[in-house]
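My request is simple: use the sequences and hints to build the entire structure.
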Amino acid sequence: MSPLAHSLLRPLRWSERALDAVIAPVVFTAMAALIGVITLQVVSRVFFTAVGWTEEVARFLLIWITFLAATLAFRRGRHIAVTFVVDALPGLPRRLTRIAALLVALGFLVALVNIGYEYMQVQSFQKSASLRLSMTWVYAVMPLTAAIMAWYALVDIVALALGEPPVHAEEPAA
1 MSPLAHSLLR PLRWSERALD AVIAPVVFTA MAALIGVITL QVVSRVFFTA
51 VGWTEEVARF LLIWITFLAA TLAFRRGRHI AVTFVVDALP GLPRRLTRIA
101 ALLVALGFLV ALVNIGYEYM QVQSFQKSAS LRLSMTWVYA VMPLTAAIMA
151 WYALVDIVAL ALGEPPVHAE EPAA
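Residues in the sequence shown are numbered consecutively from 1, following my numbering.
Hints in this document: simulated from the structure, not taken from any laboratory.
All the pointers check out, no bait thrown in.
Label-pair restraints from in silico Cβ distances:
#1 Q121 to P93: 34 to 44 Å
#2 F47 to A81: 42 to 52 Å
#3 I63 to P165: 24 to 34 Å
#4 V82 to S128: 37 to 47 Å
#5 R59 to L154: 29 to 39 Å
#6 A100 to A129: 40 to 50 Å
#7 A111 to A24: 22 to 32 Å
#8 I99 to A33: 33 to 43 Å
#9 V51 to S15: 34 to 44 Å
#10 T66 to Q121: 19 to 29 Å
C-beta atoms are modelled at their ideal positions from N, C-alpha and C, and glycine is treated no differently.
Right, here's the structure in full:
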């Protein structure tokens with residue numbers, strides 16, 4: 001890697017790792033909370049009177065877990081992709097095709113940020129049934145995670161433009 005590419009990519013990749021370092025424990029904690037809430041729901045329905053808020057909390061946790069975990073999967077290149085044509089291309093055309101695909105994804109993610117923000121605003125007056133929580137907080141996950149994935153796509157575009165592989169291409173398969 002050239003010194004210029006290294007100096008440009010180092011802070012970008014650091015920001016990706018920092019985001020991952022925050023998101024991964026949040027997803028883990030939310031999963032543990034989801035298990036606890038569902039367990040409470042089942043136990044209370046079987047042995048006592050059902051606890052009313054558990055279904056709503058479980059639903060909201062699942063929504064947030066899904067979107068946040070999608071950002072982790074996006075950074076690691078774990079989303080479904082058909083790459084046999086791109087993989088068959090030689091060096092420069094492969095890199096340009098990957099950049100084009102990331103630009104399309106970036107366009108979609110930027111649109112999702114805007115649409116998610118608008119949807120958040122439209123639903124801001126609504127309150128959840130049990131918790132009386134503003135639905136803005138539930139829908140906030142969509143523009144938030146789309147912005148994070150857009151950042152990841154932008155970092156990958158910069159890396160590919162500098163001749164470096166994306167982060168997920170560098171990491172060993174688990």
